[in-house]
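Could you slot chain A onto chain X? The hints should help.
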Amino acid sequence: MTQLNTNNIKAIVRKYILENGSNDDNSLDDSTLLFQENYLDSIGLYSLITFIEKEFNIISKDVDFVEENYESIDAIERYVLTKISVQ
Amino acid sequence: MEFKKEIIHLTNVPEVVDQIVNELRSNVLNTLRRKGAVVGISGGIDSSVSLALSVKAFGADKILGVMLPEKDSSPDSAMLAQKLADTYRVKTLTENITGALEGYGCYQRRDESVACVFPEYNPKTYKMKIGVKQSNVSQNLPPIFYLTIVDPYGKEQSKMLPAAEYLQIVAASNFKQRSRMSMLYYHAERLHYAVIGTPNKHEVEQGFFVKYGDGGADVMPIGKLYKTQVYQLASYLGVPQEIIDRTPTTDTYTAEQTQEEFFYQIPFKQMDILWYAYENKFPLAEVAKEMDMTVDALEKIFENFARKQQTTDYLRRAPIHM
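Each protein sequence line maps, in turn, to chains X and A. The letter at position 26 of the first sequence is residue 26 when you use this note's numbering, and the numbering goes up by one with no holes. The letter at position 4 of the second sequence is residue 4 when you use this note's numbering, and the numbering goes up by one with no holes.
For reference, chain A alone in the conformation it holds in the complex:
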């Protein structure tokens, strides 16, 4: 098969939707023996498509959409999630997890590490985020995370995160996804429903999820779809345009941050095509020509993909039974 950029586009969206819906229904009703689905909705494209597929699989009356904001969440997230639920006439609940996170010391533990790097950081007036510099993708080195703080006047400062502070910030922030998972399972068990996971193919395979957080679910209907394909399904399923047009964000740190800035380092449209080429082992020269890149640059990106897959293997592993 010849390698073309368009290779990533689904040409049979209705059939793909039917296939996912049938599998989802069979998995939940027959394999898991649950009678409906709980979906955490954030106003992002992935949870929106997961909810839309769930509605098709089980009917709106067998779905509970749960919004799980905390004090760092963007207000847009709740507004868009509600709009989604209204579109599909799904019952929703809002569970604010700020209190639980305060109980865990999530914010205090995170801020303590930020202050180790920037002593002037005041969590009441400053914002913060962590991310990878885009230039890193062309380096044959693992990603190096930077901490950025934004002062009350909007001035940004960035520094490389030392190992201990990086690990503590990530570990503390992961309380957010794990608390959400815990709340989703509360509602799922209360209703005898299954929890629908929302990660897409990149999140699963590159390890952009929290183990036992957003990676903790009973079934993941879009886990094999590229982001481009998720958008194709969104349009077909009638997801509100504002959600489709929204730039994917992490909505985890106080300063605004795109997923590309935090983790992927490559725009998702380009990443989809490159990952497809990488996964299907297309010849480097053919891919480089089609993508207007050098073979050397492409090789480094593929090495970066391989490293991400390898270093995040731990996240995808189930407990080792001995």
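Okay, chain X solo, but in the shape it has when bound:
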């Protein structure tokens, strides 16, 4: 795993979403609501969860699958940092 900092996490997640999401609009920013703005659908969420677990070496629990952790790039970064600090 590469050394992580805030910009790293956001950049990695943004790149993943732009490459794998269903909306190729480049207006994606850190606070864009990924599901409301159609960047990710159901399968996109699954794939994102799997990607985040592998990329940042974290293990998700059932209670983690909530809007607060996945709704935007900002939210994902907060979630990843919290998981890393706990693990």
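A portion of the hints provided could be inaccurate.
Dumping the calculated BS3-like pairs for lysine-lysine here, alpha-carbon to alpha-carbon at most 27 Å [stated by the list, open to error]:
(1) A:Lys91 - A:Lys62
(2) A:Lys211 - A:Lys71
(3) X:Lys54 - A:Lys133
(4) A:Lys127 - X:Lys61
(5) X:Lys61 - A:Lys133
(6) A:Lys133 - X:Lys83
(7) A:Lys159 - X:Lys83
(8) A:Lys308 - X:Lys61
(9) X:Lys61 - A:Lys159
(10) A:Lys281 - A:Lys4
(11) X:Lys61 - A:Lys155
FYI, nobody ran anything at the bench for these hints, they're computed from the structure. It should be emphasised that the depicted structure is a prediction, and the values quoted were computed from it without experimental measurement.
Relative to the frame of chain X, chain A by itself:
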């Protein structure tokens, strides 16, 4: 119009039945130019009402009821389907599709993915199912499916399904509905009949059907009816009470599973009313008050409905001709 829970109930069931029957007859005899109907019957409420309507439209002697069990089917399904056919004096056939599914590798492909998630899973002694957690409906996230296995002693374990395993389990299981469709068309073509599809309004609009599986049919007589209304028609048409009283199941996986648990996340009586409100754009505050919910909770459910409609659009699309 004021929003009330009772808004969903049909007040003119005989007229609605007559209208559907007339349309069904005209569609099959005049538009499709077929002389009768093949109906796949599972002992569930939707296929039962579809068969009863077909009998009214064409007469019992122009209907073939086909039971399509496979090794994971509940024995209740065949018993209830036969009872239905006896009630309407319809000729039936049983086509067991287990061999076809084994040929496709349906069970082996599904079980291979289950074992990736739970290495201890043994398909000979364990049961399995997939479903959505009910709490997900109040989240502004797409549904997350969980795999549940049940060991020989009845102990359950659940885990979130990773993307690849989820997709493979669904794709493998869909062989069941597609094999059934294929067999229904065999009999329909042999008899020069039409295939009657059995999905109701929720299944069609929320995408709870398999493309070219149970979504593959010539005409869908209950496709515009809410589940509450399907039950109203069932009572009026004399569908056996045991079928009316049965909890709707998927009858797809080895472990027992309701449709609510698998997909809808909301009891159908409540879902009918909420979908009606959503579809007819009633004000959130008015609906929330009548349903004894908060506006915020209702808004999330409506967003969930919109997402389901949008993400399942692909299923309802005919091939794109270019």
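(request) Any hints from earlier that this structure breaks? Give me their numbers in increasing order, please. (result) none
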